[in-house]
Amino acid sequence: MLTVTGLHKSFGGKPALLDVSFSVERGEIHGLLGHNGAGKSTTLGIILGMVAPDRGDATIGGISVQRDHAGALRQVGAIFESPAFYEYLSGWENLRILASYSGPFDEKAAREIVDRVGLTKRIGSKVRTYSHGMRQRLALAQALLPEPKVLLLDEPTDGLDPEGIKWFRDFILGLRAERGMTVLFNSHLLGEVEQMCDRVTILREGRLVHEGTLKDLREEAPVYEVDLDPWEQAAAFLDLNAAQILSPGRIALPPDADPAITVAALVGNGIRVSAFAPVRRSLEDLYLEITAAR
Amino acid sequence: MNFLRQLRGELRKLFGRPRSFMGYGVFVVMEALILTVYKFGRGQEYMRDLIERNGYSFATYFSSLSITFMIMTLSMFLLGSVFFALVAGDIVAKETEDGNLRLVMARPVSRLRLLLIKYTSIVIYTFTFVFFVGITGYLMAIAAMGVDGGLFVMEPKMKVFAVFPSWAEGAGRLTIGAVGIAISMITLSSLAFMFSCFKIKPAAATIITLALLFVDMILQNFPFFRPYEEWFVTWRMSCWLFLMENQISWPKIFESYAFLFGLNATLFLIGFTSFRLRDFKT
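Chains as they are written, first to last, in our numbering: chain W, 1 to 294; chain Z, 1 to 282.
Quick caveat, the hints were computed from the structure, so don't treat them as lab data. Built from N, CA and C at the ideal position, the CB exists for glycine as well. Careful, some of the hints might be misleading.
Label-pair distances were calculated between CB atoms; the ranges are [claimed, not checked]: (1) W:D161 / Z:V179: 50 to 58 angstroms; (2) Z:A203 / W:S23: 40 to 48 angstroms; (3) W:P254 / Z:K199: 35 to 43 angstroms; (4) W:E112 / Z:P18: 52 to 60 angstroms; (5) W:I245 / Z:R276: 24 to 32 angstroms; (6) W:D161 / Z:R276: 35 to 43 angstroms; (7) Z:K199 / W:G249: 28 to 36 angstroms; (8) Z:R276 / W:G249: 57 to 65 angstroms; (9) W:I245 / Z:K201: 29 to 37 angstroms; (10) Z:K201 / W:G124: 27 to 35 angstroms; (11) Z:G262 / W:G159: 28 to 36 angstroms; (12) W:G159 / Z:F214: 41 to 49 angstroms.
Examples of chain Z residues lying across from chain W (beta carbon under 7 angstroms, computed) [stated by the list, open to error]: (13) L4; (14) Q6; (15) K13; (16) N100; (17) R102; (18) A106; (19) R107; (20) P108; (21) R276; (22) D279; (23) F280.
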């Protein structure tokens with residue numbers, strides 16, 4: 001549904017993206033992760049046609065953003081961190097103005113969406129009186145007008161309280177369940193990404209360092225907590241067998257290694273194995289490992 | 001239809017901003033001051049001297065129409081230009097600075113369409129502003145001096161002199177003149193619009209526009225530049241005064257407006273080129 005291919009971009013000679021390619025399948029919620037300056041916003045900018053790539057292309061539903069900007073964006077709704085509305089106008093007027101750039105304003109559909117995001121009572125108030133949470137709800141409403149196939153979310157939950165974050169997460173998951181909507185989700189809140197996303201793309205200094213499911217990521221270098229005696233002899237053996245010693249009692253095996261065979265080999269070498277248990281790492285652990293290691 | 005719908009939204013934004021109305025308020029105050037000067041002050045003596053020295057009747061030509069003409073001539077270029085530069089200088093740059101443009105640009109609308117909508121809206125603003133000044137000035141003049149009387153036109157710099165004894169003819173000519181002023185002022189709005197499309201602060205777009213306008217006006221008045229005055233933009237913008245002549249010299253007017261239209265198109269294209277090449281990072 002959404003593909004970026006070989007994106008290169010530099011600003012003032014400083015590379016921001018270096019050959020970034022990934023794709024998001026229809027109905028998938030895809031996380032775009034990376035540290036500040038990793039190239040996430042530039043990637044989103046290229047997908048939305050706001051930034052021109054030096055090389056490469058982004059397609060939405062098979063339509064190139066660079067060649068048919070309007071055709072590609074007709075399928076997209078977008079939300080940005082701290083969305084800037086016309087403060088002196090009401091929420092309803094903002095919706096009407098923004099939706100007019102996508103086609104005729106469907107008042108009935110707009111009312112339904114406003115109701116769904118819980119802004120019915122305040123939609124006639126000026127945006128300057130809205131809280132941050134209400135602005136994000138309004139941002140969501142405008143992104144859903146008219147009905148898009150792809151949602152691009154750029155740090156949408158930043159600054160929201162825990163209730164707001166949960167509401168937002170449930171809303172997006174509900175949209176996917178109902179409409180099979182495709183979502184590209186850029187966030188620093190790794191817990192959120194972990195709870196929402198089917199797959200993730202991780203960028204580091206403009207390069208793609210991982211694309212796949214969280215399961216893939218965990219299996220890329222499975223980590224085990226072990227209790228081996230004697231430890232020095234065990235560590236030497238594991239080192240010879242391409243395992244990585246993360247700390248005493250914590251090891252990472254190569255992705256293709258079978259832990260049962262490793263345990264048998266350790267025992268066969270006279271090492272007592274009291275514990276050998278896989279560690280379920282959070283996305284945060286994985287992200288930090290990946291971005292620090294590569 | 002889409003264009004009109006989008007234009008309506010743009011106008012709603014433009015006229016929804018308190019800043020867009022600042023100029024309207026200032027002009028009403030200024031019109032009241034000018035009227036007071038002409039009605040009660042030495043301005044009346046000056047007008048009597050001017051009209052009678054040219055052999056016309058003060059009673060006929062010291063009228064609401066003549067005062068409205070004075071208001072528009074005196075105020076529009078000096079004070080009106082400030083507000084046109086302010087509004088047109090804001091139209092793209094302020095939305096870029098505030099981040100509103102990102103939400104718009106995430107929509108299926110081309111950058112050319114976006115700028116055309118914004119440019120059309122400032123053209124409409126320019127017209128409404130000029131007519132607001134003309135109409136309110138005239139209504140206030142009527143309140144102070146009554147409806148009757150002809151129109152006395154004298155502008156030494158552009159060498160324009162005309163009298164319209166009948167109210168109907170004078171009012172008609174003043175309306176045509178107001179259209180002419182609005183068309184001339186579009187050039188100023190276009191200049192500010194072009195700067196607004198650049199990667200600069202809205203205030204910078206306004207200040208640069210006004211600086212260029214005033215430099216053009218000052219240089220034009222240097223004796224050395226007198227032979228070349230027709231090459232100055234502000235001279236061309238003053239060509240609306242030729243519409244006030246008893247016998248309108250259309251070739252002079254068409255020449256100046258062709259110059260201004262060409263300039264406006266060039267300014268739009270430069271602004272668009274700059275805007276099209278810009279990256280808007282999210």
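We went through each hint and held it up to the structure:
no., hint, result
1, W:D161 / Z:V179: 50 to 58 angstroms, "holds, 56 angstroms"
2, Z:A203 / W:S23: 40 to 48 angstroms, "holds, 44 angstroms"
3, W:P254 / Z:K199: 35 to 43 angstroms, "violated, 50 angstroms"
4, W:E112 / Z:P18: 52 to 60 angstroms, "violated, 33 angstroms"
5, W:I245 / Z:R276: 24 to 32 angstroms, "violated, 55 angstroms"
6, W:D161 / Z:R276: 35 to 43 angstroms, "holds, 41 angstroms"
7, Z:K199 / W:G249: 28 to 36 angstroms, "violated, 55 angstroms"
8, Z:R276 / W:G249: 57 to 65 angstroms, "holds, 59 angstroms"
9, W:I245 / Z:K201: 29 to 37 angstroms, "violated, 56 angstroms"
10, Z:K201 / W:G124: 27 to 35 angstroms, "holds, 33 angstroms"
11, Z:G262 / W:G159: 28 to 36 angstroms, "violated, 49 angstroms"
12, W:G159 / Z:F214: 41 to 49 angstroms, "holds, 45 angstroms"
13, L4, "violated, 10 angstroms"
14, Q6, "holds, 5 angstroms"
15, K13, "holds, 6 angstroms"
16, N100, "holds, 5 angstroms"
17, R102, "holds, 6 angstroms"
18, A106, "holds, 4 angstroms"
19, R107, "holds, 4 angstroms"
20, P108, "holds, 4 angstroms"
21, R276, "violated, 9 angstroms"
22, D279, "holds, 4 angstroms"
23, F280, "holds, 4 angstroms"
Of the hints listed earlier, those the structure fails to meet are numbers 3, 4, 5, 7, 9, 11, 13 and 21, in rising order.
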